[in-house]
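Please build the complex by placing chain B on the supplied structure of chain A, with the hints as guidance.
Read off the chains here:
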Amino acid sequence: MENFSGTSEYIASEGLSRTVDIALALKKPLLIKGEPGTGKTMLADAVSKAMGKKLIIWNIKSTTKAQDGLYIYDTVQRLYDSQFGENDVKDIGRYIKYGKLGESFLSSERVVLLIDEIDKADIEFPNDLLWELDKMEFFVNETKTQIRAKHRPVVIITSNAEKELPDAFLRRCIFYYIDFPDKKMMEEIVRVHCGNVDEFLLHQALDTFYHLREVKDIQKKPATSELIDWIRALQIGGIRPKELDDAIPYSGLLLKKEEDFRFIQKKGNYGLF
Amino acid sequence: MVFSDYFYYLRENGLSVSMEEWLLLMEALKKDLARSNLLEFYYLSRAVLVKKESDYDSYNQLFYQYFEGALTENSVDKKLPEKLMKYLEKPIEQLAYDKDEVDERTDLEYEKLEQMFLERMKEQNDMHNGGKKWLGTGGTSPYGNTGYSRRGIRIGGHEGNQNAYRVITESAYRDFREDATIGIRQFEVALRRLRQYSGKIGEETELDVDATIDATCQNGGSLKIKYRRPRKNAVKLLVLFDSGGSMSPYASLCSGLFQAVNAANHFQSLKIYYFHNCPYNRLYQTPECIFQKSEDTDRVLANLDKSYKALFVGDASMAAWELRYFSGGRDGKVTDTVSGLKWLHKIIVRCGGAVWLNPIAEEHWGSGRGAVTIERISSELPMYHLSVQGLTKAVRRLLGNQ
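Chains A and B supply the protein sequences, listed in that same order.
Residues in the first sequence are numbered from 189 upward in steps of one, following the working numbering.
Residues in the second sequence are numbered from 30 upward in steps of one, following the working numbering.
Since the hints were made in silico from the structure, they are not lab data.
Misleading hints may appear alongside valid ones.
Facing chain B, according to a computed beta carbon distance under 8 Å, are these residues of chain A, among others [what the hints assert, rightly or not]:
#	residue
1	Thr-263
2	Val-264
3	Arg-359
4	Phe-363
5	Gln-407
6	Arg-428
Just a sample of chain A residues kept apart from chain B, beta carbon distances all over 10 Å, derived [unchecked claim]:
#	residue
7	Glu-202
8	Lys-221
9	Asp-279
10	Thr-412
C-beta atoms are modelled at their ideal positions from N, C-alpha and C, and glycine is treated no differently.
Here chain B stands alone, though its shape is the one from the complex:
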């Protein structure tokens, strides 16, 4: 098969390209949809192989690596397969040239190039095509269009092979990556996944009028009643935010999640509380964690049942004693007889599923200030990074399919 190692290269590096899509790309190449041009090939293979904007960034990087390695002679490890090379090659418009000579002459800093470019703009008065100093087409000067030069400034026109890199490396899809921690909207989308599966929860208790009519007609007119599951969302959500202290750097991230949770109107019930470092015998209604606006944790627990899912949000970083000993609330009025860890446990067993979201990136869990307590807490319940990807995983975990 033609250059199938591009296919395996993409797959090995995490882009899940299917056979079906690959064959479609082959068909497209046969129809000459890439028009023998690397930039067109870039768009074509993206449109056919990449189906999520969150993969655009990875695709860009992989595409760049793959074709850079193949086109500059210095790195021989990733040779572009000859068939594709032939395919992409521009057969005309190129004069013979000594490649090394051109590389040497044009291997300049961008600033230098720009300066020389401006100078030549001043000097040059007429058309120059095929030369090696002036602006023109098809030559080896670093300025102009569709010619060969390792670095250069492209002036208008249609992109040739080399300059496709500019387009590719400049496009910014980094923000769409699912491991990025951004955006209320992405959080909202992730939370909506907590609803998709919930249409299938519960008993068949609702009269399905359409199905009943259908069945009755099929039954020759004698009544046959059909029931269906109500399409209401059965998920109830309890969200507990760690507030203050070490959480301050993550305030805007948490506020993003808070807004997303609040905007989600698809939960049957939504309860939001705050705690400081670890939940104790009082849960607070505001981020300030003051006694006047707090509730008895036992009372809160009494109103919960297994249809609630618990979402803890916090850095889980504290002194080890805060988990093992009583009390710890920041207003000093908390007098407790149960340790933080036990409270945590009480909440977890009361709810039908609980996860912890940590704003600290996963790779720092083991080494940071909170390493000990993070480890202790993640042995109680699954912990995920507070990112779009982490939240998605957490939601999946809460729904019981990982």
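Here chain A stands alone, though its shape is the one from the complex:
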């Protein structure tokens, strides 16, 4: 892949596609931040498709530790086997279970590794991975073996900014903040997902959508996925564009919090149903 410019299902802005190119050329992890619903996770999928490489996803949870991504030594299984004599317990290698990072190192061809929502884990988590991501290798203590990446994986990391990431980690990444798409770009995105949308309906729907996003007191702003669901519903429901002038049909798809629903209702600009 020479230059990344999105795929038929993923629209990337110029800045983003340039940044992907930069990260690939410099062989550094690409850290993507942005509001929920700006397509951070989908980017990795799009890159893997554009490159024609396999995608390995490591979903980070609050309990995830760096070690989980490398390997786990299954001591319990070994103890069990030694009690019941089912397998050869002398071969410790049998009880080393590789994690997602280990898997991507051991893969026989280059892969795209997505470390999704890295900020969910403990504050020290990213620091624990510095060496592994830098050198693309780690050491398995129990078997005294060095695991080195056969093909340096393309690493894409996403963060929801729930926590600050450590500086040492940031220094090693290429960083890009995905802006919330503007109207023009959103039109393209909607077209990709909803096919042929009536021009007038799309404009009306986008007007309403961006208007809602601008209302200051809304707690959960509707994002791209909500918009797409909503426009699909409008299409299926056969809503005429005119009806969007003073009402929001299927508003439950856009406003997911009861407080927001009531707030918009009280402001009285729209009839909600």
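Chain B only, in chain A's frame:
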């Protein structure tokens, strides 16, 4: 080293670019990732050097200043280093021209440009490249693409050196600045920092099953028990809002903080009270501050301990006597024998850490209506501006690492 003064320029102006990142940028330039184009260089140096969206705005400003000074001949103080200049220069597509002549001819107001543009659109019928009046490429007319002109309207195509400024100056990252006072979400993020460190508080009281199994196996099968600290958040929070009167202009800001505090479910305990100007012998449960919905401050205090952190939110602006004398509640029913300042002090010493958040920006503390009382109160406890940055500092202070 190649144009290292760009590096020092960014550092001197508050962007903490590290050596490591700078070397990476050099490597990228060697690989020609900037493609000899200022806009590409803008994206490249941002991706490699800037790691926080809150720094995007500063970066934009610095980049603009640095390269504007270098590219227009009028200001000579910030010369673009020749090597970079050479690097960014477009070697082809440019005819020879008299720069002063072009500047003079094209130094027009934007409206004028637009008007002339429309006129020429009407007049022009065929392709014009390399000329100085018509729309085209590579020329010195203010209209068209990749040519030279100090001001102009770019028509489609790929941005050349000059026009990168449009992209840069138009992108709005101001809202991400950490000194901006906005957004519930940013408040939430700032408050979450009050949790990060709290996993390390407390005694090792919880059985660590994994570690125990590991240790037991390592120990040849005889039991070895491991304990760990519970991962619960030990922080308890007491929030006291000043309500009404001079606080009205900040209502939406405070409501943002209130929602953020309320949405934060990571505190072991959360208590929210209201007061008017200064806390006295009663704390109120609602912003209206009515007696029927109030509690005895001493009783509230009795239920607090050192695991509580206190967050005062108020403009700290009042008449000086309101601090020094008794009473002051707005319903008139308060009869007090302790001064406001003493009440404040009582709350502070009862809690394990207290800070004051002031919606008034720091630079106005010394000069505004509340200058006297602000000074008096900030001698009792640290005061911060109620902004994302201020809240972050306050949180750090509460956790005891500044």
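Hints versus structure:
no.	hint	result
1	Thr-263	holds, 5 Å
2	Val-264	holds, 6 Å
3	Arg-359	holds, 5 Å
4	Phe-363	holds, 5 Å
5	Gln-407	holds, 7 Å
6	Arg-428	violated, 35 Å
7	Glu-202	violated, 8 Å
8	Lys-221	violated, 6 Å
9	Asp-279	holds, 16 Å
10	Thr-412	holds, 17 Å
Hint violations for this structure: numbers 6, 7 and 8, all remaining hints satisfied.
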